[in-house]
Structures are given as C-alpha cells and as structure tokens.
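Participant: Given chain A, work out where chain B should sit, using these hints.
For reference, the chains in residue letters:
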Amino acid sequence: MSSPATTAPVRWRVACPGDLRGRSWDGVSVVHHVPSGDTQLLNALAAATLQRIAAGAIGVEALVEAACKDQPAQPRADIDRQVRTLLAELADVGIIEPDA
Amino acid sequence: MIVGDLSIDDWQHRMTRGVVVRIGPFTVRMTVRLREVADAMYLLYRDYPIQPEPIVLDFDVAALPISWWGRGPRMAALYFDGVRKFDPIEREQALPMFQWLLNWCIFTHPHQYLILHSAVVARDDMAAVLPGMPGAGKSTLCTALVHGGGWRLLSDEVALVTPSTGLITPAPLPIGLKEESIPVIAATYPHARMGPSVRGTRKGTVVHIATPASSMAAASEAGGGQAQPRWIIFPEYHAGARVQLEPAPRANAFMTIAADAFNYSLLGATGYETLANVVDACHCFNLQYSQLDDAIAVFDQLASQASSAASSSAGSLTGSPTGSGDAPHSTSRGRP
Chain A
1 MSSPATTAPV RWRVACPGDL RGRSWDGVSV VHHVPSGDTQ LLNALAAATL QRIAAGAIGV
61 EALVEAACKD QPAQPRADID RQVRTLLAEL ADVGIIEPDA
Chain B
1001 MIVGDLSIDD WQHRMTRGVV VRIGPFTVRM TVRLREVADA MYLLYRDYPI QPEPIVLDFD
1061 VAALPISWWG RGPRMAALYF DGVRKFDPIE REQALPMFQW LLNWCIFTHP HQYLILHSAV
1121 VARDDMAAVL PGMPGAGKST LCTALVHGGG WRLLSDEVAL VTPSTGLITP APLPIGLKEE
1181 SIPVIAATYP HARMGPSVRG TRKGTVVHIA TPASSMAAAS EAGGGQAQPR WIIFPEYHAG
1241 ARVQLEPAPR ANAFMTIAAD AFNYSLLGAT GYETLANVVD ACHCFNLQYS QLDDAIAVFD
1301 QLASQASSAA SSSAGSLTGS PTGSGDAPHS TSRGRP
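Protein chains in written order, with the numbering used here: chain A, 1 to 100; chain B, 1001 to 1336.
Source of the hints: derived by calculation from the structure; they are not laboratory data.
Computed Cβ-Cβ distance ranges for the label pairs, DEER-style:
#: 1; chain 1: B; residue 1: 1188; chain 2: A; residue 2: 41; range: 31 to 41 Å
#: 2; chain 1: B; residue 1: 1286; chain 2: A; residue 2: 36; range: 26 to 36 Å
#: 3; chain 1: A; residue 1: 38; chain 2: B; residue 2: 1111; range: 16 to 26 Å
Backbone N, C-alpha and C fix where the C-beta goes; we use that ideal spot for every residue, glycine too.
Bound-form chain A, shown alone:
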C-alpha cells in the first residue's frame, strides 16, 4: 500500500536557488549548478521550465500546461514526455528536488 506522500502529486523546486546561475543567448540557455560544477545547455522549453520552477514550487501538470501554451504547435504528448524527462535529469544532477 502506498503512503500518502508518494501518491500526492509531486511539486518541484530548485534545490538551492542561490546555487544556480544562468545566461541565455538566442533562446538557448547555459545554466551552471554551483555545488556540482555542472554546466548544462538548455533549449527554450527546458530553460522556461527551469525558470518556472525557480519562481516557486510547481507540479508537473502545471509545467506541461505552461509549456503547451509556449509551444502550441507541438503535440501535448511530446511536451509531456520532454518535461518529465527534463525533470528527471535535473533531479538526477541535484538542480531540483521534490518540494517537501
């Protein structure tokens, strides 16, 4: 039986907001995560998604919804998959974490 914590929709937040640096050029962002030393190249969707998380804890559905508005021509299923993949990758490198 699942606990309430695992069944509740996950909201994501930036692990340490002060530890994230970013610059954008021509719609492509380069983000540096200070604790890990990782530097990531983010496309427009990834950068916008990370920006929304940095603005405050937010759930997957809301992120997908916002991304769909940014890119109305893209199928929702594609965007949903991209956002979930991105969240997993950002969590793996410690940039984001579930909001407790």
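Facilitator: Only chain B this time, still in chain A's reference frame:
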C-alpha cells in the same frame, strides 16, 4: 634589457646558469644546458625582457642533458621547479618539448585567470579569441595575422581572462607550426624569424616562429597590453574553400570553449561567470578559409566595423556587442 641586447656567447653562458625572462605577467627562469636549444632560443626570444633575479619566480624550468655513454640517441630531461618532469626525451626534440613545458606551466598554474585553450590576437585593445581543434589551422592563421595582418599576438595557446575585469592578458610564446603550414608561412612571411625544423615529434615536423617585436613591445606597455575580448572566431581550414564567416550560436560557443578550457571546472562559479561575460562581450563566428590573405581581410573588416561603431558610440568597446550597432546577434541575460 632584452635577450637581443646580449651577445650570443653571453646568452649561451647565462643560459647554463639560468636566465630570468618575462613572459607576459610571468617571471620565468630558464636554464638550458643544450647548446643547440639555447642557440634557437636566442633567435626565438630575442625581444623578450630579461629580468634581474626576482624575489618570486612564477616558473623555474630547465632542459639538461642526461649523461649517456651507450648506444642510441642522446637524451635530455626537463625540470620544473627543480623536479624532473615527464619522461626523458631525445635531445633532438628538446627544443619543441621545452616550448611545450613553458606552455604547460601557463596551462596548469595561474588560476588567478580563467585559462581558455585558444589563440588570441588583438587590434588595438580589441581581442579576437580563436579556439580551435587541432588541425583547424589556428596557429597558421594566428601567424599570418601577426606577421602579415598588423594584429598583435597575445598568445597562440591560451586566453588568460581576468575574472574581475574580463580583460585578456598577453603571455606570448613562440608560435608552433607543423607539417604543411611550415613552407606556406616561410614563403609568405619570409621576415618572420623561424627556429630550426624538428622532425619526428608527436606532431610530426614542427618549427617555432618568434613573437613579433611589436607584440612584445605592446605587452611591455603600461597595462601589460591587455585587451577586451570582442570576437570569438572558430577557424577551420578547408583546402580550396572560399572564405566564409558565419555567426555561431553563442550558447554552443560557450559550451565548446568551457569543455576545452584548462581550469573552467576548477574556478567553479567564477569560471562560469567569467566565460559568460566573455561570450556576452563577443560576436561569435565560424570562419572557413583556405587563403590566408582572405582570412586576414575578414579580421580587418571586423576590426574596422568595430572601430567605426566605437567612434560613433562611446563606450561600446567595453559594453555588450548589442550596443555597438554591428551585432549580428541579439543577446539577453537572465536567470532561469
């Protein structure tokens, strides 16, 4: 006093005991007890300032013979700060290896700078940063620009960027050329002082070209000849290709340069911010070329445009290129 003020006999004698030479911001004691290497260095380092023995040395390097009475090639050893470094080398290859040792010192020690793997040339105080994969023609182009194009050499191998100012400090060493580029440069720029040709190195046949006196003079001026990065240009030689300059995506330029930098990771957030500021301040291009004159013309045109923009827009040399009026890109800065 510069090296050329000494007679060659005096130079050879001093080199056996150690001569302190200024290379950009660094004081380097060089001890060479290999006569053929000292002779070549007299030619290559003629315009470098000689320092009195300083209290603090940045690098203490030496190339000494290894005693050998058996068969096989004569060998030599390289030393850094009195400690033998690397495997023994065949004496015939001591000159390029000693030059490599000097580069290694600059690649691996001065972490007060962000150290990018790139050639850098400048017109006035505007610098062009030329990253390039091996074989891209970076050194050949760099030689052409400084010996035939009126640009000055900051370095053939490293861009030393000061984090607090974003300026690039010159640390010029003789430019290393290899294989096919050697006869091209020898024929095109016969006035360029060229060291002896050394065969059988890991890079094939190599020669070194002396840093022009004008570049050395600029590096000795007040401010050390520092320059503001204005262009990042990825050169690529293609035989027979027409010259072509195309905008390069800045974010990709950032990632390429960061991946090849010597201490980007070591400097952490400072490295990131410093490189981001460099990219912010520069126009980024891919340059394809086959003819050196055509490539020089492209560089001259960029400098001319920047100078015109600077004269019509005060302060544009130190600002974002989007403010200079000649920017091929738009730039935004944000925190995701």
